[in-house]
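Peer 1: What follows is the residue order along each chain.
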Amino acid sequence: DSGVTQTPKHLITATGQRVTLRCSPRSGDLSVYWYQQSLDQGLQFLIQYYNGEERAKGNILERFSAQQFPDLHSELNLSSLELGDSALYFCASSVSGTTNYGYTFGSGTRLTVV
Amino acid sequence: DQQVKQNSPSLSVQEGRISILNCDYTNSMFDYFLWYKKYPAEGPTFLISISSIKDKNEDGRFTVFLNKSAKHLSLHIVPSQPGDSAVYFCAASANLGGGADGLTFGKGTHLIIQP
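Protein chains in written order, with this note's numbering: chain A, 1 to 114; chain B, 115 to 229.
Worth flagging that the hints you see were computed from the coordinates, not collected in a lab. Hints may contain errors.
[What the hints assert, rightly or not] Within a straight-line C-alpha distance of at most 35 Å, the following computed DSBU-like cross-link-like pairs (lysine-lysine) qualify:
| no. | chain 1 | residue 1 | chain 2 | residue 2 |
| --- | --- | --- | --- | --- |
| 1 | B | K119 | A | K9 |
| 2 | A | K9 | B | K221 |
| 3 | A | K57 | B | K119 |
| 4 | B | K182 | A | K57 |
| 5 | B | K168 | A | K9 |
Owing to the predicted nature of the structure, the values given are computational and were not obtained by experimental measurement.
Taking the hints into account, I'd like the entire structure generated from these sequences.
Peer 2: As structure tokens, then:
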């Protein structure tokens, strides 16, 4: 157990729908990152939050949004889902906003859009 | 445009021998490089990192070498053990300032340790 909790572990939904993925960071970590891993891609950085504020954006689609709450948990909202959104979505956390010592990843949410 | 490339999708090595995983990058702004290991059904686990001001970093059986002029880094595992069988991701970081950070990952190399 890495200490980063992601729920749900699996999600199956239809095209056009909206889903919310949840992440609880490791205790004491202020920064949360979201990544997408598609079948033929490596891990793609989506977005970073630090202590409730958006810090960096990567390849995040406009249909996707995220937020970090006062208790530091984060949610990734995916809307108007398409078949191509099927992927593993990972959340990671770190104490500060730097990656120099590596993040701690959760075990991911597998999203299947049918 | 892939900024971090791992050209070998898989690598098979005999137990006890050295495993060498390679990674190339194109972005000169990258100033930190990391290796992650991933088992099936788990998230990636941080292994080792190296700053762009160094050319080598060692941690137990794992050593990372950085050749900035060639924009190439490699991870050496010696001796290789069965538990090392996993997918290894190379990642790079460019300091975006203000504490903003996001890693650029390669597509991974599946290392298989043969008994």
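Peer 1: Would the hint linking B:K182 and A:K57 be met if the CA-CA limit is 35 Å?
Peer 2: Cα-Cα ~27 Å, so holds.
Peer 1: Verify the proposed pairing of B:K119 with A:K9, using a straight-line Cα cut of 35 Å.
Peer 2: At roughly 29 Å apart (the allowed maximum being 35 Å), A:K9 and B:K119 satisfy the hint.
Peer 1: Checking one constraint from the list: CA of A:K9 to CA of B:K221, max 35 Å. Satisfied?
Peer 2: The given pair, whose Cα atoms are some 22 Å apart, holds under the 35 Å limit.
Peer 1: Below or equal to 35 Å on CA atoms is what counts here, so check A:K57 against B:K119.
Peer 2: 21 Å, holds
Peer 1: For B:K168 and A:K9, compute the direct alpha-carbon distance and say whether it is at most 35 Å.
Peer 2: Not OK: B:K168 and A:K9 at ~39 Å, beyond 35 Å, violated.
Checked against the numbered hints given earlier, the structure breaks only hint 5 and satisfies all the rest.
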